[in-house]
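Enquirer: Following the hints, position chain B against chain A.
So the chains spell out like this:
Number of protein chains: 2
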Amino acid sequence: MAGGKAVGDSLKFDPSDDRAARLYELWGEIRDLQSAEDLLQWDQETQMPDGGVEGRAKVSATLAGLRHQRLTSPQLQDALAAGDELAAETEADGGVLGAQVAAARRQVERAVKVPEALVRQLAEAASNGLSAWRQAREAKDVSLFSDHLVRLVDLRRQEAAAISPGGNAYDAMLDAYEPGMTEAQLVPIFSHLQGALAELVQAVAESGVEVDESPVLGDYPVAAQEALGRELATAVGFDFDNGRLDLSTHPFCMGVHGGDVRMTWRHQQDDFRPAIFGILHETGHGLYEQGLPAAWHRTPLGEAVSLGIHESQSRLWENHVGRSRGFWRWAMPLLHRHLPGIDPAVDAERLWPLLHAVTPSLIRVEADEATYNLHVIVRFELERALFAGDLQVADLEGAWNDLYAASLGLRPADAAQGVLQDIHWSQGMFGYFPTYTLGTLTAAQLFAQANRDLGDQEAALARGELAPLLGWMRDRIHRHGCRFTAAELVQQATGRPLAADDLLAYLRSTVGEVYGLGA
Amino acid sequence: MAGGKAVGDSLKFDPSDDRAARLYELWGEIRDLQSAEDLLQWDQETQMPDGGVEGRAKVSATLAGLRHQRLTSPQLQDALAAGDELAAETEADGGVLGAQVAAARRQVERAVKVPEALVRQLAEAASNGLSAWRQAREAKDVSLFSDHLVRLVDLRRQEAAAISPGGNAYDAMLDAYEPGMTEAQLVPIFSHLQGALAELVQAVAESGVEVDESPVLGDYPVAAQEALGRELATAVGFDFDNGRLDLSTHPFCMGVHGGDVRMTWRHQQDDFRPAIFGILHETGHGLYEQGLPAAWHRTPLGEAVSLGIHESQSRLWENHVGRSRGFWRWAMPLLHRHLPGIDPAVDAERLWPLLHAVTPSLIRVEADEATYNLHVIVRFELERALFAGDLQVADLEGAWNDLYAASLGLRPADAAQGVLQDIHWSQGMFGYFPTYTLGTLTAAQLFAQANRDLGDQEAALARGELAPLLGWMRDRIHRHGCRFTAAELVQQATGRPLAADDLLAYLRSTVGEVYGLGA
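From first to last, the protein sequence lines stand for chains A and B.
To convert, take the position in the first sequence, counting from 1, and add 783; that gives our numbering.
To convert, take the position in the second sequence, counting from 1, and add 783; that gives our numbering.
Just so you know, these hints were derived from the structure itself, not from any lab.
No false leads were slipped in.
Non-contacting residues of chain B with respect to chain A, defined by C-beta distances greater than 12 Å in every case (computed):
#1 Pro857
#2 Leu927
#3 Asp937
#4 Gln941
#5 Pro962
#6 Asp1197
Now the stretches of chain A that chain B is said to cover, found in silico as 3 or more residues with beta-carbon under 8 Å:
#7 821–832
#8 1019–1030
The beta-carbon is built from N, C-alpha and C at its ideal position, and this holds for glycine as well.
Bound-form chain A, shown alone (with noise of 0.2 Å):
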């Protein structure tokens, strides 16, 4: 199963179903012009040269441009219509027509909304930002990147208000990455978790208890950790025959298409967590990606289905298995092999508190599991502020400053470490934020489930034993694409909508202890 390329045969799709054969042709060449993009996209975080930028706006301004005109072609609308009369007809494959035809009309009820001058102008701004955004955070200088920002949130600001004309134009983002999902939704959510993390990182501040980090500190080579990190997620089932892992300023991975996912990381010298971690975060996006069924490859429904939940992938591997005591009473001798600077007498007992330390920092993708999310909700707000017109990007800078120091107690001394320190805004992503702690909700609730399908996973993971969490994931989430939304898979995973109690009880079991807060 962990393979995952006959799981999508089971779901009866037929590709050479002539009669639905136009609208899967239609649909192949909007995704192959999706995965001409994200490959651009992959390229100029990894490797294009700085003089490249202009040109590369313009390829994929024009890309995108071509994708929204077949998106909302007369031909694809005619080839949705025929599908339609033809999924009524077909009992056989179990609903599969329809779904593809359903998923297929989402995508194209909002992009017929939007005009193709704006999507081209959304996309040359977004390469141009990123670039933009790579220098200012070099130079730590806002300024350099200030223009560019104002002109993406006016863009996703005039297309928020072309798919929702007098709606809520944070909405419309949020639509994009998390379909179906509000702010409305979203608000009393994260003001509940941010209550309670606030408590738990509080308690940790008060038990005087100081986690000693230097077991895990040192000087590793560069190599060394890469090494690590690459065998690693192999054992967890990433397939490198049909995925690369690159450095990158900011980690992500990205499928391209069929047998292609990238990943990339980056690292610090003198700690490998961050490394180490990160590889195995994008190691959980990169299974799923791997394990969306290969039948519906270039199909409406073979992708993720929103990125909540592609993020509970991600913080699944990354921290109910990465930082598990069994995770690392199987994973020390790696540890010690490739990074033999460690001394010798860390072993899972002793490594696991200092996988569990509370402290509040600076930077999101470096935070704990407590803090973690309240790094999302700064940014959350400061969205919502933005696209509601209470905040200017003049203002940006200061307003997250002043933000961190109310909720995580610090104030960058640079903009490197603050309001530049993350790429989405560079690209004009602006709603992506909050399905991070969407995902680390899910991730805690669909691990929890699995410890009662399966098993005690703490066990498992010790025995090596990686692979049925990865098949319940391949059965659960994978297999599915975007047949059914973020909340429908949650349900049928679990039986339950989704909740944050899965996740402050994790938290607050593993923080307590290593902080002795009691029960």
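Expert: Only chain B this time, still in chain A's reference frame:
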């Protein structure tokens, strides 16, 4: 002048002239699609995981199909007609707009004859062929690639029949790489050259002189070879802010789009010459791409004129510069600094004969200057026979081995050393090889003229004065894009048509000196 950025401005192209704006807008999109295709191919050769083959082939086919649609669209025809009218009433631009329209028409006229379905089949077959070739080459087993080659030859013959019904199929292939060139023109040139080269190689064999290569053989770390190659490429004028250098199975250079020119290289552990002369070769290509006028990017004229002219630039820097005594008088300290294993007593005088040794061998890209064109002529003969229907793919390996035995006196031990050594046919590129020899002839003729115009380049290179020669090439070749034909450029730059005498004089002089062949 070295940057080449401002050169095109003097040609009075004004992309903001809104009467011609539609033409430039449409053409820009066509060029953007080409850029995306180029990047996909670069990625496939340097980055893509093996599993991505099938998905990548579909993406490539879709992009090629879309580009073909746009090249053959009525909108473009209208824009070209408007461009013609406008050009007729515009005098201030020195004929640039008329030349733009003419350059576009050349591509359009070829495209409209080829059905889109065939274009897509060719793109998909080329993408799949590339991967099959790589596997076959690794396994030294032609059978893993034969079916792909049969299909590629068949598709190209269909293409030739569409372009020139009843005409010479091989001419239709040649025209794609060397516009206007025909088999009938090549046969006498190549025949003359083959005779003269065979005579020279024979004289070398009879001289009894053996060049002792041991002074340059050693154990050279890859990183040191790369560092030396990068320093030389930079010194010669390649701009790494607007380009890259990566490893690949088969070295190549690709101008993806403005500001993004990519070269690749490969190396041998025991001899630095393949890496260094390979990099100097690709640098010559890269300088041409970087020297195309920036004002013409994304316009019909903003392209290299032909592969023969392209190859003249690579051969010039690889051979006439890179294998000269003068260059190594200047570069010798770099060589010793990066490769300290070389005997310190090796100076330019002792190195020089080792750069002109003649040793018939099996691998084209590592061949010496005298035998190189014999390798090309073998391929030319085989391609002609394939396209005339006188040779079947099933008999290709045998025919290859027989021709090598007859021409070079060597028979390949396996297919990797023989018919599978080159990438070109795997991508359906037939008619490409002859441009290497055309380029070699052109390089010799251009270099001889540059010496007349600029004074003795041997002496200039010894002083590290590399810029004047590049400036001369920028002025005579690079800045014109594809405004003139290859034949016109050679005539304008050197005052006479292309001939073999400068190359033969150069080879007789260098090889003659090394082997004591007399005047």
